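The primary structure of each chain is shown beneath.
Number of protein chains: 2
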Amino acid sequence: MTDKTSPANETIQGFLDGLASSAPTPGGGGAAAISGAMGAALLSMVCNLTIGKKKYVEVEGDLKEILGKSEALRAELTGMIADDVEAFDAVMAAYGLPKGTDEEKTARAAKIQEVLKVATDVPLACCRACRQVIDLAEAVAEKGNLNVISDAGVAVLSAHAGLRSAALNVYVNAKGLDDRGFAEERLKQLEELLGPAGPLNEKIYEVVKAKVN
Amino acid sequence: MTDKTSPANETIQGFLDGLASSAPTPGGGGAAAISGAMGAALLSMVCNLTIGKKKYVEVEGDLKEILGKSEALRAELTGMIADDVEAFDAVMAAYGLPKGTDEEKTARAAKIQEVLKVATDVPLACCRACRQVIDLAEAVAEKGNLNVISDAGVAVLSAHAGLRSAALNVYVNAKGLDDRGFAEERLKQLEELLGPAGPLNEKIYEVVKAKVN
Chain A
1 MTDKTSPANE
11 TIQGFLDGLA
21 SSAPTPGGGG
31 AAAISGAMGA
41 ALLSMVCNLT
51 IGKKKYVEVE
61 GDLKEILGKS
71 EALRAELTGM
81 IADDVEAFDA
91 VMAAYGLPKG
101 TDEEKTARAA
111 KIQEVLKVAT
121 DVPLACCRAC
131 RQVIDLAEAV
141 AEKGNLNVIS
151 DAGVAVLSAH
161 AGLRSAALNV
171 YVNAKGLDDR
181 GFAEERLKQL
191 EELLGPAGPL
201 NEKIYEVVKA
211 KVN
Chain B
1 MTDKTSPANE
11 TIQGFLDGLA
21 SSAPTPGGGG
31 AAAISGAMGA
41 ALLSMVCNLT
51 IGKKKYVEVE
61 GDLKEILGKS
71 EALRAELTGM
81 IADDVEAFDA
91 VMAAYGLPKG
101 TDEEKTARAA
111 KIQEVLKVAT
121 DVPLACCRAC
131 RQVIDLAEAV
141 AEKGNLNVIS
151 DAGVAVLSAH
161 AGLRSAALNV
171 YVNAKGLDDR
181 GFAEERLKQL
191 EELLGPAGPL
201 NEKIYEVVKA
211 KVN
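In order, the protein sequences belong to chains A and B. Going by the numbering used here, the first sequence opens with residue 1, and the numbers climb by one from there. Going by the numbering used here, the second sequence opens with residue 1, and the numbers climb by one from there.
No wet-lab data here; the hints were simulated from the structure. Just so we're clear, the structure is a prediction, and the values are computed from it rather than from any experiment. Idealized CB from N, CA, C, for every residue including glycine. Accuracy of the hints is not assured; some may be wrong.
Label pairs and their computed distance ranges (CB to CB) [stated by the list, open to error]:
no.	chain 1	residue 1	chain 2	residue 2	range
1	A	Gln189	B	Gly52	55 to 61 Å
2	B	Glu191	A	Asp179	46 to 52 Å
3	A	Gly61	B	Glu184	15 to 21 Å
Listed below are several chain B residues computed to face chain A (Cβ distance under 8 Å; list not exhaustive) [as the list claims (entries may be wrong)]:
no.	residue
4	Gln13
5	Leu16
6	Ala31
7	Ala37
8	Gly79
9	Thr106
10	Val154
11	Leu157
12	Lys175
13	Leu177
14	Tyr205
Using the sequences plus the hints, can you model the full thing?
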């Protein structure tokens, strides 16, 4: 990684090489964030290619509003590539703490629990942002420029893959939490994000597929 | 794009900026190739973190074989980011040919048909490679190191999103083909790739989810 504080400055090839390697990061969490960010970017693209076109003047206001939201989500999801690395590194560092004395054991266990909470909330935030991309995609697939409507379909597929991918990291980290109240609350939030997303993804995909066929 | 012959040398941030912009490329086809390449890379990662571990010595031979295939697929899919740009640019160039005389009109129409065939085969090749990633993911999810098994789940989700995303571009370009025999043959191949992929994706996701929960 050329700049650890900003893995988005890594090249695509470099990121993929890192992903494939045995290095602990980047991993699936970073891939999930990129999937979500690609989804948001593609919604922005469809908006940008619809706004200003005479044929689409009636939906211009709606798409301008969506563009503001999709660009904010893209920035948020791009930042999450770094958040995932940071959260993962903190978990690894906590497991690496000394455990020679009882005092050290207690401190290590407490630290592990602390960083596991962050490592549960980071992918959950990714799930939330991906779900927002999916929700925005519905209107874009309905109202966007027909010449690039397939990109609205790719957007929803990417965001849905990002949501379900990040969900796996929520499960992994929530499982290790002693604070079951915290864990169950996060898992409840996760199911609320996941539940409607599958049917919505299929609905939007079918809308797009019907337009391109 | 810093180097048009190799968009994989673009930074992630630069690629996302280009995707979100009103520039014609990169678009959904490039995003599909990246999704597939991330899927292949994550399978390689799980293989790399399983091979050489005492606990997994029994599956080491299988995972070494898979690693060879996943790395070949990763290289192929990474190259397809450029293929998509090239195919799209060729279509745009053909539509931009002069159409003043009857001779020009005939030549332009023939060129459009020629490049649309390529623009159908390029995303179809992406679909095929993504499907191969999905097929490989099944064994990785079963045999891979449990500590990183969630990454096998992210791999299959990414590859499946890549497959369905590229499929939309096959539909778009096949629709414009006058040679219906060619088009129908490609659409038949596409359905054979897509059909079993959905159930397989869900099956592998459930295998992984059960292991991380």
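Hints numbered earlier in the text: which of these fail when held up against the supplied structure?
1, 3, 8, 9, 13
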